[in-house]
Amino acid sequence: MLTMRDVRKVYRTELIETHALSDFSLHVRPGEFVAVMGPSGSGKTTFLNVAGLLDTFEGGTYLLDGQDVSRLNDDQMSRIRNQKIGFVFQSFNLIPDLDVFDNVDVPLRYRGLPAGERKDRIERALGLIGLSSRLRHLPSQLSGGQQQRVAIARVLAGDPRLILADEPTGNLDSLMTREILDLMEEINGRGTTIVMVTHSPECAARAHRQIHLLDGKVVDFDAVPTLAREEPVAAAR
Amino acid sequence: MLLYHLRIAFKSLRRSLGFSAVVVGGIALGIGVASLFATIRHALAKDPIPQKSGVLYNVRLDNWDPAKPHPNKAGIPPQVTFRDMTEIMKSDIPVHQAGMFKANLYVFPEPGSGRPTRTLIRMCFADFFPMFDAPFQYGSGWDRQADQGPEPVIVLGEEMNDKLFGGQNSVGKTVRIEDREFRVVGVLKPWRPSIKFYDITQQQLQAPEQVFMPLGWLRPMQIRTSGNSDGWKSPPQPGFEGVLVSETTWLQMWVELPDEAARQRYVDFLGAYVAEQKKQGRFPRPLRVEVTRLMTLMDEQGVTPPELTAMVVVSLLFLAVCALNLTGLLLAKFLARAPEIGVRRALGASRKHVFLQHVVECELVGVLGGALGILLSLAAVGFANGWVKALFNRSDLIQFDATMAGYALGLSLLAGLVAGVYPAWRVCRIPPAVHLKLQ
Numbered sequence: 047m048l049t050m051r052d053v054r055k056v057y058r059t060e061l062i063e064t065h066a067l068s069d070f071s072l073h074v075r076p077g078e079f080v081a082v083m084g085p086s087g088s089g090k091t092t093f094l095n096v097a098g099l100l101d102t103f104e105g106g107t108y109l110l111d112g113q114d115v116s117r118l119n120d121d122q123m124s125r126i127r128n129q130k131i132g133f134v135f136q137s138f139n140l141i142p143d144l145d146v147f148d149n150v151d152v153p154l155r156y157r158g159l160p161a162g163e164r165k166d167r168i169e170r171a172l173g174l175i176g177l178s179s180r181l182r183h184l185p186s187q188l189s190g191g192q193q194q195r196v197a198i199a200r201v202l203a204g205d206p207r208l209i210l211a212d213e214p215t216g217n218l219d220s221l222m223t224r225e226i227l228d229l230m231e232e233i234n235g236r237g238t239t240i241v242m243v244t245h246s247p248e249c250a251a252r253a254h255r256q257i258h259l260l261d262g263k264v265v266d267f268d269a270v271p272t273l274a275r276e277e278p279v280a281a282a283r
Numbered sequence: 187m188l189l190y191h192l193r194i195a196f197k198s199l200r201r202s203l204g205f206s207a208v209v210v211g212g213i214a215l216g217i218g219v220a221s222l223f224a225t226i227r228h229a230l231a232k233d234p235i236p237q238k239s240g241v242l243y244n245v246r247l248d249n250w251d252p253a254k255p256h257p258n259k260a261g262i263p264p265q266v267t268f269r270d271m272t273e274i275m276k277s278d279i280p281v282h283q284a285g286m287f288k289a290n291l292y293v294f295p296e297p298g299s300g301r302p303t304r305t306l307i308r309m310c311f312a313d314f315f316p317m318f319d320a321p322f323q324y325g326s327g328w329d330r331q332a333d334q335g336p337e338p339v340i341v342l343g344e345e346m347n348d349k350l351f352g353g354q355n356s357v358g359k360t361v362r363i364e365d366r367e368f369r370v371v372g373v374l375k376p377w378r379p380s381i382k383f384y385d386i387t388q389q390q391l392q393a394p395e396q397v398f399m400p401l402g403w404l405r406p407m408q409i410r411t412s413g414n415s416d417g418w419k420s421p422p423q424p425g426f427e428g429v430l431v432s433e434t435t436w437l438q439m440w441v442e443l444p445d446e447a448a449r450q451r452y453v454d455f456l457g458a459y460v461a462e463q464k465k466q467g468r469f470p471r472p473l474r475v476e477v478t479r480l481m482t483l484m485d486e487q488g489v490t491p492p493e494l495t496a497m498v499v500v501s502l503l504f505l506a507v508c509a510l511n512l513t514g515l516l517l518a519k520f521l522a523r524a525p526e527i528g529v530r531r532a533l534g535a536s537r538k539h540v541f542l543q544h545v546v547e548c549e550l551v552g553v554l555g556g557a558l559g560i561l562l563s564l565a566a567v568g569f570a571n572g573w574v575k576a577l578f579n580r581s582d583l584i585q586f587d588a589t590m591a592g593y594a595l596g597l598s599l600l601a602g603l604v605a606g607v608y609p610a611w612r613v614c615r616i617p618p619a620v621h622l623k624l625q
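Protein chains in written order, with the working numbering: chain A, 47 to 283; chain B, 187 to 625.
Treat each hint with caution, since some may be false.
[Unchecked claim] Distance windows between CB atoms, simulated: (1) B:Asp445 with A:Gly158: 33 to 39 Å; (2) A:Glu163 with B:Ala496: 55 to 61 Å; (3) A:Gly158 with B:Pro321: 35 to 41 Å; (4) B:Leu189 with A:Pro247: 32 to 38 Å; (5) B:Arg615 with A:Leu181: 50 to 56 Å.
[Unchecked claim] Think about it this way: if two alpha-carbon atoms lie no more than 20 Å apart in a straight line, the pair counts; the simulated SDA-like pairs of lysine to any residue are: (6) B:Lys538 with A:Arg117; (7) A:Lys165 with B:Lys375; (8) B:Lys197 with A:Lys130; (9) B:Lys538 with A:Glu232; (10) B:Lys197 with A:Ser186; (11) A:Lys130 with A:Arg54; (12) B:Lys197 with A:Glu232; (13) B:Lys538 with A:Lys165; (14) B:Lys375 with B:Asp445.
It should be emphasised that the hints constitute simulated quantities derived from the structure, not laboratory data. Glycine residues also receive a C-beta, built at the ideal position from the N, C-alpha and C atoms.
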């Protein structure tokens, strides 16, 4: 699903060069649930930015769902983000002016789907996460857990192949954390690949695999790509 | 997608009402000022008789002093002499033709219903009415035979008919002017061309006269012009007859020529006439006749003062300054929204989507500002018309018509674009990752 080989990312200022990712290689199979861990400054943010096509990289290759995304223009990257990737953020990142329905609607609007199909998808996604009764609530009228569930509904409505989650339970209490992790496991169970950055061992334990980053590199040996075999996790199990 | 962006823009404006009021107010002020000056200029510059201006020609003949040209910009008298008018009216080339001038005579109301008043009267020929499409409410103009008599007939404007006859159909009734009785043959509908185009030698902003009388009455009643007259030579004899045979120019001469061929034939006719007069010792300057289209004449005579055009330019610059000042405010607002833009980018918005979203918001600001500006402009136009009424006794000169509404709307959209295109471009270039805090 996601294969990076020798990817490099360098942040430059007038005085200093910071190698955020150096010869970074990782392979995530379709349907896998991977937890990414590491200390601050280890490159987790940069990895997620690059993986989500939110940032460019300078060397190496990156295959997303079999497609080389190294030289795509802005329109092409936006289309891939819209159609193949779903983001779940630590701070939920709902748009405060928009109600629940409209927040879930955002990625569907950019996909250009007709109104009827968008409505069906939104209602189905909100039904899955149990918020059908809150369609016209603003984010400020929801609890943190409910906001994160709306964010997940936003992802579900788009039906992406890959979900990139950034500390999705970082702002939630333990009860809500369990609810969200259950939900993510359920989504992963339907075949959606999930890459989740987390500091929490409890969260990481829910993943099929944990990888650790240090100084912009993967330190686990089993994360190195095996390009010859691209088998879905479910099939491998 | 456009409607979606419009909805987002409305939400954005509602989110910060105070800020939105400042931005919309800035555009409104600029649009109001720019629209006002453009409307005033439009009132003067627009074609006062668009359905016919292409076939209406003003006639000028250079009978001026051999030592120096006429002192106006064109170097030719703007009017013609009575004797020349009388002679060239004999041509059968024009479809319609009329010499004319403005007189100031006493009009007497019905006995016991008021005092006689000095009234501006247009002395003209029967062709005046069909040539200038003067609209009739009752009756019609007089016929050409009435010009010859002359017959004691008049046409009233609707205001004079209101004043003398309470707005009733007065055709067949009589009106005393000076010491003679005249029969009303027609009453005009309200007729308010933007300028008094048939006489732009003086006070062209005045409304048309309210009484029209056959020009032939000037001799029996010894009626003199109350408009401009230009002369370079003393009359050959004293008294009223001396004026009629003098080289003094005081009549406006208009002809209707259906096409360029007719115009050329008429120019040739005038050239032949002047050449003949030269043999009699008149027209000492090089032969020059001018047969000029109405709109060309308006440009030439400076009906639209250049100062007014300059004010329109200055008001547009003012609008540009307003718009550019708002650029900074909009940039600050948009940059403060960077996290939301980061989210939208992550969810699939391209730079084009983000750019369009913000341009739509700027255009919404422009349109709202434009609507408010139009209201300001309408109020200012009302004030300006009050001022014009005090000067020229008409309150309808400056009109905010559909053309000006389109102009104001176009300016609003342009102002919104000028104010917003840079902030929108800047905000769409923000790298999405910076504001997402993915860690």
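Hints versus structure:
In this structure the hint that B:Asp445 and A:Gly158 lie 33 to 39 Å apart at CB is violated, the actual value being about 57 Å. Here the CB-CB span from A:Glu163 to B:Ala496 is close to 58 Å, well matched to the stated 55 to 61 Å. For A:Gly158 and B:Pro321, the hinted distance range of 35 to 41 Å is not satisfied, since their beta carbons lie about 56 Å from each other. The beta-carbon spacing between B:Leu189 and A:Pro247, approximately 48 Å, falls outside the hinted interval of 32 to 38 Å.
For the hinted restraint 50 to 56 Å between B:Arg615 and A:Leu181, the CB-CB distance of approximately 34 Å leaves it violated. A C-alpha spacing of about 19 Å is found between B:Lys538 and A:Arg117, which places the hinted pair at or below 20 Å, so the restraint holds. Distance check on the hinted pair: A:Lys165 and B:Lys375 sit about 61 Å apart at the alpha-carbon level, beyond 20 Å; violated. At most 20 Å may separate the alpha-carbon atoms for a hinted pair to count; B:Lys197 and A:Lys130 exceed this at roughly 29 Å.
A C-alpha spacing of about 35 Å is found between B:Lys538 and A:Glu232, which places the hinted pair above 20 Å, so the restraint is violated. For the hint linking B:Lys197 to A:Ser186, the alpha-carbon distance of about 16 Å falls within 20 Å, and the restraint holds. Distance hint between A:Lys130 and A:Arg54 is unfulfilled; the C-alpha atoms sit about 23 Å from each other, more than 20 Å. The hinted pair formed by B:Lys197 and A:Glu232 fails the criterion: a straight-line CA distance of about 35 Å is larger than 20 Å.
The hinted pair formed by B:Lys538 and A:Lys165 fails the criterion: a straight-line CA distance of about 25 Å is larger than 20 Å. Pair hint B:Lys375 plus B:Asp445 does not hold up; C-alpha atoms about 29 Å apart against a cutoff of 20 Å.
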